[in-house]
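Peer 1: As a plain string of letters, each chain reads:
Number of protein chains: 2
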Amino acid sequence: MGGGKRVVWGTLGKATLRYSSLPTPCSQSSTSAANYLGANHPDVWIRGSNGGVGTSCRPSSASQTVTRTASVIYGKSIAATIKSQIVREIRQMKVVTGNHPGLAVVLVGERRESHSFVRIKMKACDEVGIASLTKELPSDCTEDEVLDVVSSLNKDPSVHGIIVQLPLSKHLDEERILSVVSPEKDVDGFHPLNMGNLAMKGREPLFIPCAAKGCIDLLLRSGVEIVGKKAVVIGRSKIVGLPTSLLLQRHHATVSVVHAFTKNPQDLTREADIVITDVGLPNFVRGSWLKPGAVVIDTGTNAVKDPNSKHGFHLTGDVCYEEAVRVASAITPVPGGLGPVAISMLLSNILDSAKRAYGFI
Amino acid sequence: MGGGKRVVWGTLGKATLRYSSLPTPCSQSSTSAANYLGANHPDVWIRGSNGGVGTSCRPSSASQTVTRTASVIYGKSIAATIKSQIVREIRQMKVVTGNHPGLAVVLVGERRESHSFVRIKMKACDEVGIASLTKELPSDCTEDEVLDVVSSLNKDPSVHGIIVQLPLSKHLDEERILSVVSPEKDVDGFHPLNMGNLAMKGREPLFIPCAAKGCIDLLLRSGVEIVGKKAVVIGRSKIVGLPTSLLLQRHHATVSVVHAFTKNPQDLTREADIVITDVGLPNFVRGSWLKPGAVVIDTGTNAVKDPNSKHGFHLTGDVCYEEAVRVASAITPVPGGLGPVAISMLLSNILDSAKRAYGFI
Chain A
918 MGGGKRVVWG TLGKATLRYS SLPTPCSQSS TSAANYLGAN HPDVWIRGSN GGVGTSCRPS
978 SASQTVTRTA SVIYGKSIAA TIKSQIVREI RQMKVVTGNH PGLAVVLVGE RRESHSFVRI
1038 KMKACDEVGI ASLTKELPSD CTEDEVLDVV SSLNKDPSVH GIIVQLPLSK HLDEERILSV
1098 VSPEKDVDGF HPLNMGNLAM KGREPLFIPC AAKGCIDLLL RSGVEIVGKK AVVIGRSKIV
1158 GLPTSLLLQR HHATVSVVHA FTKNPQDLTR EADIVITDVG LPNFVRGSWL KPGAVVIDTG
1218 TNAVKDPNSK HGFHLTGDVC YEEAVRVASA ITPVPGGLGP VAISMLLSNI LDSAKRAYGF
1278 I
Chain B
918 MGGGKRVVWG TLGKATLRYS SLPTPCSQSS TSAANYLGAN HPDVWIRGSN GGVGTSCRPS
978 SASQTVTRTA SVIYGKSIAA TIKSQIVREI RQMKVVTGNH PGLAVVLVGE RRESHSFVRI
1038 KMKACDEVGI ASLTKELPSD CTEDEVLDVV SSLNKDPSVH GIIVQLPLSK HLDEERILSV
1098 VSPEKDVDGF HPLNMGNLAM KGREPLFIPC AAKGCIDLLL RSGVEIVGKK AVVIGRSKIV
1158 GLPTSLLLQR HHATVSVVHA FTKNPQDLTR EADIVITDVG LPNFVRGSWL KPGAVVIDTG
1218 TNAVKDPNSK HGFHLTGDVC YEEAVRVASA ITPVPGGLGP VAISMLLSNI LDSAKRAYGF
1278 I
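Taken in sequence, the protein lines are chains A and B.
First residue of the first sequence: 918, per our numbering; consecutive thereafter.
First residue of the second sequence: 918, per our numbering; consecutive thereafter.
These are computed hints drawn from the structure, not numbers from a lab.
Because the structure is a prediction, the values reported are computed rather than measured.
There may be inaccurate statements among the hints.
You can't tell identical chains apart in this list, so a pair holds if it fits in one copy or across any two.
[Said to hold, decoys possible] Once the Cα atoms are required to be at most 27 angstroms apart in a straight line, the calculated BS3-like pairs of lysine-lysine come out as:
{"no.": "1", "residue 1": "K1011", "residue 2": "K1052"}
{"no.": "2", "residue 1": "K1208", "residue 2": "K1180"}
{"no.": "3", "residue 1": "K993", "residue 2": "K1040"}
{"no.": "4", "residue 1": "K1118", "residue 2": "K1180"}
{"no.": "5", "residue 1": "K1087", "residue 2": "K1118"}
{"no.": "6", "residue 1": "K1072", "residue 2": "K993"}
All chains, please: the whole structure from these sequences, using the hints.
Peer 2: As structure tokens, this is what we get:
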């Protein structure tokens, strides 16, 4: 029996949780929305006993006896196909309207990884004929300075897509800044209006986040049946997990979202026909987590120290590839899987925005 | 091997689906957002062999031997508690600001059920001191006429909440009309901006849809642990299923959404610690679908013909109550479960809006 003072009409035969956001009937603001949203716990993943970050990830002698080998979903060639189509469309657009698409990136601070990501995006823009510019701000800039830059880009008719490169310095309110990006130029798809329109059946967001769009593209192009299939999305970031789970549901998959608070995540994962990972830890998902024949899209790009590599590290996904490839029916490699497709989806979002701006539909 | 013409870089050892929204790499608009959203199939539920709409729903002799009887979660008394708190707050607000909250309902056509629902809402407003008005429009009104009414209510400072009573006549674009309701007055919580802010961790919607807020309120007040628990939401309407699944995830449950395309929905449901139903079919969920000790919130209110009732029908939920009460640890009855709490959450949303408008926080 609960017996706590907050159990107001009888009690249940269960242990109660003293929950920080539990509304107290006597508090004045007890039924306001904020009290119902749950605590903003970060997702801190704890690994089970059947895996370990940085541990060896090789098929055991038992799994080596399994002969099945998954089809490898090569994102690079898909991305090349999408890009060549975008090039054609931009050429046509220039001929018809005299204009070309434009991207602006807002980059705060000196974070090396962020600068590297921005370079990759701008190079991709350049390759297909999208103009791009970067607005760089010092790491100690004020929030108002960032908001002013975003507002001026919102008004600039030559800019069709605005990216605020994440993560931002801690003194900046990421949610507030992203909300100021015009939903019409929100090519990352992180504005809540676009996310809400993605979540709600019958509605159309102006943009779908690039990684989510890439995941679905890989599934659709490979002829994977989605309707009625069980899908497990491991991770729930706004960049990958959340929009991918919403999009899979728009395609009528039965979606379960696994996160850091999920007990025994391998149990749910083992039932899934489609597994999407958005964890950020190398080799988190082991071969033993997968149902034979599952389709696996690994969106992780984790740098693992590697003295044999010329950069001192190599990239690996969230999934123990060597094990998974023997269980799954199809799997994306890392690198060369989702990454290039997600970049090409960014280009496609920028092009879409420019097409709308110039009435070139 | 797939072998279809749309499988562009190799094939999988699975049957392919000829999917209507599959992007074709050569089509000009193949990577635009609309092509990735999936078909808007309606949810037409098909019952399994272990149940039947309108069939007898009584415990079998086998389940009668089980002695466990669930705690009954009486929404009526919870709603009374919430309402008395709202009354107090509105009195204080009048004293301090000289103002009271106001609701406006837009009601199109003569649909008897809609008129009845609106009467219930207005009566509830009256009981707590919220002014309410109805804007009635004929069933053959134009979309522009509805939009004009909504726009004028958006500007009216005495109106803090606007409800567009659903369903609307088929010739009206529901999504478009709901998008015109100011997010600041969207007390139903159906505006995509509010839904997006509900979906995204770290953000706060101005309003949470009343039924979803009611479900979480019932769980929290009954001391049910949500963090890390498995929750299954059966149904995905924007009114109940979608926002409840998003809100449960904000509370760190592991959420699976079951819908009409889910195969063997009873299997996933049987694993759940928390089951929320949003189906709209009487006795859809049977006792055998539930894990012993599960907590069940039944949001269905289905009218079933009943010659013994003075109205000719009685209300029943989505869950076969007589069976479920012997398996679950707690369950809401229908009527008298979620219904009154959802209404009180509407009142709380209107009050919140008025508090924001008058700076009475």
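Peer 1: Flag every earlier hint the structure violates by its number, smallest first.
Peer 2: As far as the earlier hints go, only 6 is violated by this structure.
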